[in-house]
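J.: Take the sequence shown: its position 378, counted from the start at 1, is 378 in full-length UniProt numbering, and no numbers get skipped.
Just so you know, these hints were derived from the structure itself, not from any lab. Wrong hints could be hidden among the right ones.
Distance ranges between label pairs, derived from CB positions [what the hints assert, rightly or not]: (1) T241 / C215: 27 to 37 Å; (2) P149 / E213: 17 to 27 Å; (3) G119 / T241: 14 to 24 Å; (4) Y373 / G119: 42 to 52 Å; (5) G119 / G370: 29 to 39 Å; (6) A78 / Q344: 32 to 42 Å; (7) K319 / R187: 16 to 26 Å; (8) T302 / K371: 40 to 50 Å; (9) V99 / Y373: 14 to 24 Å; (10) E213 / S97: 26 to 36 Å; (11) C215 / D263: 51 to 61 Å; (12) V44 / F257: 47 to 57 Å.
We put the CB at the ideal spot given by N, CA and C, even for glycine.
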Amino acid sequence: MNHERSSTSGDEETEYFDAIHVDLFTSNILSKLPVKSLAQCRCVSKLWSSIIRRPYYNMLFPIKSPDPPRILWSIGNAGGLFFYSSPQPCNPDENTSLVATLHHWTSGKCLTISSPPIGGLLCIEYHRKNSLGLEVISNPITGEFLALPKLVINEVKKEWLFVDETFFFGYDPIEKQSKVLRITASRRLPKFGQYHVLTFESGNRNLLWRKTECCTLHFPRYDIRAMCISGILYYAADFLTNFTIACFHVRSESFSFIDIDQDIQKMGHSLDFIDYKGKLGASVYEHCFNTFKLWVLEDAETHQWSKYIYQMPNTWLKKFSSVHIAGMIGSSEIVFYPEYTQDQFFIFYYNLESNILTRVILEVPLQFNGKCYVKALANYVGDVRLM
1 MNHERSSTSG
11 DEETEYFDAI
21 HVDLFTSNIL
31 SKLPVKSLAQ
41 CRCVSKLWSS
51 IIRRPYYNML
61 FPIKSPDPPR
71 ILWSIGNAGG
81 LFFYSSPQPC
91 NPDENTSLVA
101 TLHHWTSGKC
111 LTISSPPIGG
121 LLCIEYHRKN
131 SLGLEVISNP
141 ITGEFLALPK
151 LVINEVKKEW
161 LFVDETFFFG
171 YDPIEKQSKV
181 LRITASRRLP
191 KFGQYHVLTF
201 ESGNRNLLWR
211 KTECCTLHFP
221 RYDIRAMCIS
231 GILYYAADFL
241 TNFTIACFHV
251 RSESFSFIDI
261 DQDIQKMGHS
271 LDFIDYKGKL
281 GASVYEHCFN
291 TFKLWVLEDA
301 ETHQWSKYIY
311 QMPNTWLKKF
321 SSVHIAGMIG
331 SSEIVFYPEY
341 TQDQFFIFYY
351 NLESNILTRV
361 ILEVPLQFNG
371 KCYVKALANY
381 VGDVRLM
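Working from the sequences, and respecting the hints, build out all of it.
T.: Next up, the structure:
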(Lines of atoms letter the chains of each structure in order from A; the text may use other names.)
(Lines give C-alpha, C1' and ligand atoms only; values in the text may rest on other atoms or scores of the structure.)
Protein backbone atom coordinates (compact mmCIF):
# COMPACT_ATOMS: atom_id res chain seq x y z
CA MET A 1 0.00 0.00 0.00
CA ASN A 2 1.35 3.39 -0.93
CA HIS A 3 1.51 6.12 1.67
CA GLU A 4 1.57 9.76 0.66
CA ARG A 5 3.85 11.79 2.87
CA SER A 6 5.88 14.94 2.67
CA SER A 7 9.52 14.32 3.54
CA THR A 8 12.83 16.06 3.37
CA SER A 9 16.04 14.39 2.26
CA GLY A 10 16.94 14.03 5.93
CA ASP A 11 13.65 12.22 6.61
CA GLU A 12 14.29 9.88 3.70
CA GLU A 13 17.79 9.20 4.94
CA THR A 14 16.53 8.45 8.46
CA GLU A 15 13.86 6.13 7.03
CA TYR A 16 16.55 4.34 5.03
CA PHE A 17 18.69 3.80 8.12
CA ASP A 18 15.67 2.52 10.04
CA ALA A 19 15.99 -0.60 7.90
CA ILE A 20 19.65 -1.05 8.92
CA HIS A 21 20.36 -1.16 12.62
CA VAL A 22 22.98 1.40 13.62
CA ASP A 23 25.10 -1.21 15.42
CA LEU A 24 25.06 -3.40 12.31
CA PHE A 25 26.01 -0.44 10.11
CA THR A 26 28.83 0.49 12.48
CA SER A 27 30.35 -2.91 13.28
CA ASN A 28 29.82 -4.69 9.96
CA ILE A 29 30.34 -1.86 7.48
CA LEU A 30 32.15 1.16 8.89
CA SER A 31 34.61 -0.85 10.98
CA LYS A 32 35.93 -2.60 7.86
CA LEU A 33 36.68 0.58 5.92
CA PRO A 34 40.17 2.07 5.64
CA VAL A 35 40.94 5.41 7.26
CA LYS A 36 40.55 7.39 4.04
CA SER A 37 37.11 5.96 3.30
CA LEU A 38 35.93 6.59 6.85
CA ALA A 39 36.96 10.22 6.57
CA GLN A 40 35.01 10.49 3.31
CA CYS A 41 31.96 8.87 4.89
CA ARG A 42 31.82 11.64 7.47
CA CYS A 43 31.25 14.12 4.65
CA VAL A 44 28.27 12.25 3.11
CA SER A 45 25.65 13.73 5.44
CA LYS A 46 24.99 14.90 8.97
CA LEU A 47 23.51 11.51 9.86
CA TRP A 48 26.56 9.58 8.68
CA SER A 49 28.83 12.01 10.49
CA SER A 50 26.80 11.69 13.68
CA ILE A 51 27.05 7.90 13.59
CA ILE A 52 30.84 8.01 13.29
CA ARG A 53 30.83 10.75 15.91
CA ARG A 54 28.95 8.61 18.47
CA PRO A 55 30.95 8.13 21.69
CA TYR A 56 30.60 4.36 21.63
CA TYR A 57 32.19 4.21 18.19
CA ASN A 58 35.52 5.24 19.71
CA MET A 59 35.09 2.60 22.40
CA LEU A 60 34.23 -0.12 19.89
CA PHE A 61 37.30 0.58 17.77
CA PRO A 62 39.92 2.20 20.04
CA ILE A 63 43.04 0.84 18.37
CA LYS A 64 41.90 -0.39 14.98
CA SER A 65 43.91 0.94 12.12
CA PRO A 66 43.18 -0.83 8.83
CA ASP A 67 45.93 1.03 7.01
CA PRO A 68 49.68 0.48 7.50
CA PRO A 69 51.93 3.42 8.48
CA ARG A 70 52.36 6.09 5.81
CA ILE A 71 54.49 9.14 5.22
CA LEU A 72 52.66 12.36 6.07
CA TRP A 73 53.45 15.44 3.98
CA SER A 74 52.70 19.12 4.34
CA ILE A 75 53.45 21.16 1.21
CA GLY A 76 53.17 24.91 1.34
CA ASN A 77 53.40 27.60 -1.31
CA ALA A 78 51.56 30.76 -2.32
CA GLY A 79 48.38 28.72 -2.84
CA GLY A 80 48.19 27.54 0.77
CA LEU A 81 49.05 24.46 2.79
CA PHE A 82 48.28 20.99 1.49
CA PHE A 83 48.30 17.80 3.57
CA TYR A 84 49.12 14.57 1.78
CA SER A 85 50.06 11.06 2.74
CA SER A 86 51.88 8.45 0.70
CA PRO A 87 52.68 4.75 1.08
CA GLN A 88 55.73 3.86 3.13
CA PRO A 89 57.36 0.86 1.48
CA CYS A 90 60.35 -0.97 2.92
CA ASN A 91 63.42 -1.51 0.75
CA PRO A 92 62.15 0.29 -2.38
CA ASP A 93 64.10 -0.06 -5.60
CA GLU A 94 65.04 2.60 -8.15
CA ASN A 95 61.84 1.98 -10.12
CA THR A 96 59.58 2.75 -7.15
CA SER A 97 57.26 5.72 -7.29
CA LEU A 98 54.77 6.72 -4.62
CA VAL A 99 51.40 8.31 -5.28
CA ALA A 100 50.44 10.91 -2.70
CA THR A 101 46.83 11.26 -1.53
CA LEU A 102 45.52 14.76 -0.86
CA HIS A 103 43.57 14.94 2.41
CA HIS A 104 42.84 18.61 2.92
CA TRP A 105 43.92 22.16 2.17
CA THR A 106 44.09 25.24 4.35
CA SER A 107 45.09 28.85 3.91
CA GLY A 108 48.48 30.11 4.98
CA LYS A 109 52.00 29.61 3.74
CA CYS A 110 53.85 27.84 6.53
CA LEU A 111 53.38 26.06 9.78
CA THR A 112 55.40 24.65 12.65
CA ILE A 113 55.03 21.00 13.57
CA SER A 114 57.07 20.89 16.74
CA SER A 115 56.37 17.28 17.74
CA PRO A 116 55.63 13.91 16.15
CA PRO A 117 52.01 12.75 15.83
CA ILE A 118 50.19 11.34 18.86
CA GLY A 119 47.34 8.98 17.98
CA GLY A 120 47.12 10.41 14.47
CA LEU A 121 46.92 14.00 15.77
CA LEU A 122 49.41 16.84 15.41
CA CYS A 123 50.15 19.89 17.50
CA ILE A 124 50.50 22.63 14.90
CA GLU A 125 51.16 26.34 14.95
CA TYR A 126 49.89 28.06 11.83
CA HIS A 127 51.71 31.22 10.77
CA ARG A 128 49.17 33.49 9.15
CA LYS A 129 49.75 36.69 7.22
CA ASN A 130 49.09 39.86 9.23
CA SER A 131 47.97 37.91 12.30
CA LEU A 132 49.29 36.01 15.28
CA GLY A 133 49.91 32.30 15.14
CA LEU A 134 47.09 29.84 15.75
CA GLU A 135 47.94 26.84 17.92
CA VAL A 136 45.75 23.80 17.31
CA ILE A 137 45.49 20.08 17.76
CA SER A 138 44.77 18.90 14.24
CA ASN A 139 43.83 15.72 12.45
CA PRO A 140 45.62 16.08 9.10
CA ILE A 141 43.54 13.31 7.54
CA THR A 142 40.08 14.67 8.28
CA GLY A 143 41.00 18.36 8.49
CA GLU A 144 39.37 18.70 11.90
CA PHE A 145 41.17 20.91 14.40
CA LEU A 146 40.70 22.19 17.92
CA ALA A 147 42.24 25.52 18.89
CA LEU A 148 44.16 25.44 22.14
CA PRO A 149 42.93 27.89 24.80
CA LYS A 150 44.69 31.21 25.02
CA LEU A 151 46.84 31.98 28.02
CA VAL A 152 47.30 35.55 29.22
CA ILE A 153 50.47 36.18 31.18
CA ASN A 154 50.09 39.48 33.00
CA GLU A 155 53.77 39.89 33.82
CA VAL A 156 54.76 40.37 30.19
CA LYS A 157 51.77 42.00 28.57
CA LYS A 158 53.67 45.17 27.69
CA GLU A 159 56.63 43.23 26.36
CA TRP A 160 54.66 40.60 24.45
CA LEU A 161 56.61 41.06 21.24
CA PHE A 162 59.74 39.85 23.01
CA VAL A 163 58.18 36.63 24.30
CA ASP A 164 58.43 33.28 22.52
CA GLU A 165 55.86 30.53 22.94
CA THR A 166 56.63 26.95 21.99
CA PHE A 167 54.26 23.98 22.07
CA PHE A 168 55.14 20.29 22.26
CA PHE A 169 52.91 17.21 22.12
CA GLY A 170 53.79 14.17 24.25
CA TYR A 171 52.27 10.85 25.29
CA ASP A 172 52.43 8.82 28.49
CA PRO A 173 52.00 5.11 27.59
CA ILE A 174 51.38 4.09 31.21
CA GLU A 175 48.45 6.40 31.96
CA LYS A 176 47.62 6.57 28.23
CA GLN A 177 47.41 10.34 28.32
CA SER A 178 48.30 12.92 25.68
CA LYS A 179 49.64 16.21 26.98
CA VAL A 180 50.63 19.54 25.46
CA LEU A 181 53.63 21.33 26.97
CA ARG A 182 53.63 25.10 26.57
CA ILE A 183 56.83 27.05 27.27
CA THR A 184 56.75 30.85 27.42
CA ALA A 185 60.16 32.50 27.67
CA SER A 186 61.87 35.77 26.83
CA ARG A 187 65.52 36.34 26.08
CA ARG A 188 65.05 40.06 26.84
CA LEU A 189 63.32 39.68 30.21
CA PRO A 190 65.90 38.29 32.65
CA LYS A 191 65.00 34.98 34.25
CA PHE A 192 61.52 34.93 32.75
CA GLY A 193 60.18 31.50 31.86
CA GLN A 194 56.81 29.89 32.46
CA TYR A 195 55.72 26.32 31.86
CA HIS A 196 52.17 25.07 31.45
CA VAL A 197 50.68 21.66 30.70
CA LEU A 198 47.33 20.70 29.19
CA THR A 199 45.93 17.17 29.18
CA PHE A 200 44.23 16.52 25.86
CA GLU A 201 41.23 14.20 25.76
CA SER A 202 39.09 13.58 22.69
CA GLY A 203 35.59 14.97 23.17
CA ASN A 204 36.63 17.28 26.02
CA ARG A 205 36.14 20.93 25.09
CA ASN A 206 36.92 22.23 28.57
CA LEU A 207 40.68 22.20 28.14
CA LEU A 208 42.62 24.08 30.80
CA TRP A 209 46.28 24.99 31.26
CA ARG A 210 47.91 24.25 34.59
CA LYS A 211 51.25 25.60 35.70
CA THR A 212 54.27 23.40 36.30
CA GLU A 213 57.79 24.23 37.40
CA CYS A 214 61.23 23.95 35.85
CA CYS A 215 64.25 25.13 37.84
CA THR A 216 66.41 25.65 34.73
CA LEU A 217 65.58 28.56 32.43
CA HIS A 218 65.94 27.42 28.84
CA PHE A 219 64.71 28.46 25.41
CA PRO A 220 63.23 25.74 23.17
CA ARG A 221 64.33 25.52 19.56
CA TYR A 222 61.13 25.44 17.50
CA ASP A 223 63.11 24.70 14.32
CA ILE A 224 64.05 21.21 15.53
CA ARG A 225 61.14 18.80 15.84
CA ALA A 226 60.85 17.09 19.22
CA MET A 227 60.65 13.33 19.68
CA CYS A 228 58.56 11.43 22.27
CA ILE A 229 59.88 7.98 23.19
CA SER A 230 58.56 5.82 26.03
CA GLY A 231 56.87 8.72 27.80
CA ILE A 232 59.81 11.15 27.55
CA LEU A 233 59.55 14.17 25.28
CA TYR A 234 62.99 15.16 24.01
CA TYR A 235 63.37 18.65 22.55
CA ALA A 236 66.23 20.95 21.58
CA ALA A 237 66.85 24.07 23.65
CA ASP A 238 69.33 26.84 24.31
CA PHE A 239 70.70 27.06 27.85
CA LEU A 240 72.78 30.16 28.57
CA THR A 241 75.06 30.18 25.51
CA ASN A 242 74.98 26.43 24.90
CA PHE A 243 72.78 24.07 22.94
CA THR A 244 71.22 21.29 25.02
CA ILE A 245 68.57 18.57 24.89
CA ALA A 246 65.74 18.94 27.38
CA CYS A 247 63.55 16.08 28.59
CA PHE A 248 59.94 16.50 29.67
CA HIS A 249 58.71 13.45 31.54
CA VAL A 250 55.10 13.35 30.44
CA ARG A 251 53.69 11.35 33.34
CA SER A 252 55.37 13.23 36.22
CA GLU A 253 55.44 16.55 34.32
CA SER A 254 59.04 17.11 35.41
CA PHE A 255 62.14 18.22 33.52
CA SER A 256 65.69 16.98 33.13
CA PHE A 257 68.55 17.68 30.72
CA ILE A 258 70.93 15.52 28.68
CA ASP A 259 74.66 16.19 28.51
CA ILE A 260 75.87 16.36 24.93
CA ASP A 261 79.34 16.50 23.42
CA GLN A 262 80.87 19.28 21.35
CA ASP A 263 80.10 17.57 18.04
CA ILE A 264 76.36 17.65 18.73
CA GLN A 265 76.71 21.22 20.01
CA LYS A 266 78.18 22.32 16.67
CA MET A 267 75.36 20.67 14.70
CA GLY A 268 72.62 22.02 16.98
CA HIS A 269 70.74 24.14 14.45
CA SER A 270 70.75 21.41 11.78
CA LEU A 271 69.75 18.35 13.80
CA ASP A 272 66.76 16.09 13.25
CA PHE A 273 65.59 13.87 16.12
CA ILE A 274 64.48 10.34 15.24
CA ASP A 275 63.30 7.25 17.05
CA TYR A 276 66.25 4.89 16.58
CA LYS A 277 65.06 1.44 17.70
CA GLY A 278 63.37 2.87 20.78
CA LYS A 279 66.24 5.25 21.59
CA LEU A 280 66.73 8.93 20.87
CA GLY A 281 68.73 9.55 17.71
CA ALA A 282 70.20 12.97 16.85
CA SER A 283 70.99 13.03 13.15
CA VAL A 284 72.20 15.40 10.47
CA TYR A 285 73.08 15.33 6.80
CA GLU A 286 76.28 17.32 6.22
CA HIS A 287 76.00 18.82 2.76
CA CYS A 288 79.62 19.86 2.37
CA PHE A 289 80.99 16.38 3.18
CA ASN A 290 78.03 14.37 1.80
CA THR A 291 77.88 12.40 5.02
CA PHE A 292 75.13 11.33 7.40
CA LYS A 293 75.97 11.58 11.09
CA LEU A 294 73.97 9.83 13.79
CA TRP A 295 74.32 10.04 17.55
CA VAL A 296 72.32 7.52 19.60
CA LEU A 297 71.50 8.08 23.28
CA GLU A 298 72.37 4.68 24.69
CA ASP A 299 71.71 5.55 28.35
CA ALA A 300 69.75 8.66 29.39
CA GLU A 301 70.81 8.38 33.06
CA THR A 302 74.55 8.24 32.38
CA HIS A 303 74.30 10.47 29.26
CA GLN A 304 76.11 7.87 27.16
CA TRP A 305 76.08 8.43 23.40
CA SER A 306 77.21 6.35 20.42
CA LYS A 307 78.32 8.06 17.22
CA TYR A 308 78.08 6.76 13.64
CA ILE A 309 79.25 8.39 10.41
CA TYR A 310 78.03 7.21 7.00
CA GLN A 311 79.50 8.31 3.69
CA MET A 312 76.75 8.66 1.10
CA PRO A 313 77.31 6.33 -1.91
CA ASN A 314 76.33 9.02 -4.45
CA THR A 315 75.74 12.77 -4.68
CA TRP A 316 71.95 12.89 -5.07
CA LEU A 317 71.41 14.71 -1.78
CA LYS A 318 74.03 17.34 -2.55
CA LYS A 319 71.80 18.74 -5.30
CA PHE A 320 69.46 20.18 -2.67
CA SER A 321 70.23 23.17 -0.46
CA SER A 322 68.51 21.75 2.62
CA VAL A 323 67.83 18.09 3.41
CA HIS A 324 66.00 16.74 6.46
CA ILE A 325 65.14 13.34 7.89
CA ALA A 326 61.51 12.22 7.95
CA GLY A 327 62.30 9.32 10.26
CA MET A 328 63.54 5.76 10.39
CA ILE A 329 61.64 2.86 8.84
CA GLY A 330 62.16 -0.65 10.14
CA SER A 331 65.54 -1.35 11.67
CA SER A 332 67.87 0.20 9.10
CA GLU A 333 66.29 2.64 6.64
CA ILE A 334 66.56 6.42 7.01
CA VAL A 335 64.16 8.54 4.94
CA PHE A 336 65.51 11.87 3.64
CA TYR A 337 63.55 14.62 1.91
CA PRO A 338 64.45 18.05 0.44
CA GLU A 339 62.99 20.90 2.49
CA TYR A 340 62.46 23.04 -0.61
CA THR A 341 61.55 21.98 -4.10
CA GLN A 342 60.27 23.59 -7.27
CA ASP A 343 59.85 20.82 -9.81
CA GLN A 344 59.59 17.13 -8.96
CA PHE A 345 59.13 15.78 -5.46
CA PHE A 346 61.62 13.18 -4.24
CA ILE A 347 62.32 11.17 -1.14
CA PHE A 348 65.45 9.14 -0.53
CA TYR A 349 65.78 5.86 1.32
CA TYR A 350 69.18 5.19 2.84
CA ASN A 351 69.93 1.69 4.14
CA LEU A 352 72.41 1.90 7.02
CA GLU A 353 73.45 -1.74 6.62
CA SER A 354 73.93 -1.99 2.86
CA ASN A 355 75.00 1.65 2.31
CA ILE A 356 72.53 1.99 -0.56
CA LEU A 357 70.76 5.27 -1.26
CA THR A 358 67.59 4.91 -3.34
CA ARG A 359 65.77 7.80 -4.97
CA VAL A 360 61.98 7.52 -5.03
CA ILE A 361 59.66 9.81 -7.00
CA LEU A 362 56.65 11.21 -5.16
CA GLU A 363 53.74 11.72 -7.54
CA VAL A 364 51.64 14.62 -6.26
CA PRO A 365 48.24 14.91 -8.01
CA LEU A 366 48.32 18.70 -8.13
CA GLN A 367 50.45 21.07 -10.14
CA PHE A 368 52.39 23.47 -7.90
CA ASN A 369 53.74 26.71 -9.30
CA GLY A 370 56.85 28.20 -7.76
CA LYS A 371 58.92 27.17 -4.79
CA CYS A 372 57.37 24.79 -2.26
CA TYR A 373 58.19 24.37 1.42
CA VAL A 374 58.03 20.69 2.40
CA LYS A 375 57.78 18.80 5.68
CA ALA A 376 57.56 15.02 6.00
CA LEU A 377 56.89 12.58 8.87
CA ALA A 378 57.48 8.85 8.53
CA ASN A 379 55.53 6.14 10.36
CA TYR A 380 52.30 8.12 10.42
CA VAL A 381 49.16 6.15 11.31
CA GLY A 382 45.97 8.02 10.45
CA ASP A 383 42.91 8.12 12.67
CA VAL A 384 39.44 9.43 11.83
CA ARG A 385 38.06 9.47 15.37
CA LEU A 386 36.67 12.88 16.16
CA MET A 387 38.27 15.05 18.78
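J.: Indicate, hint by hint, whether the structure satisfies it.
T.: Taking the hints in turn, this is what the structure says about them:
no. : hint                    : result
1   : T241 / C215: 27 to 37 Å : 19 Å, violated
2   : P149 / E213: 17 to 27 Å : 20 Å, holds
3   : G119 / T241: 14 to 24 Å : 38 Å, violated
4   : Y373 / G119: 42 to 52 Å : 26 Å, violated
5   : G119 / G370: 29 to 39 Å : 34 Å, holds
6   : A78 / Q344: 32 to 42 Å  : 19 Å, violated
7   : K319 / R187: 16 to 26 Å : 36 Å, violated
8   : T302 / K371: 40 to 50 Å : 45 Å, holds
9   : V99 / Y373: 14 to 24 Å  : 21 Å, holds
10  : E213 / S97: 26 to 36 Å  : 51 Å, violated
11  : C215 / D263: 51 to 61 Å : 28 Å, violated
12  : V44 / F257: 47 to 57 Å  : 50 Å, holds
Of the numbered hints stated above, those contradicted by the structure are hints 1, 3, 4, 6, 7, 10 and 11, listed in ascending order.
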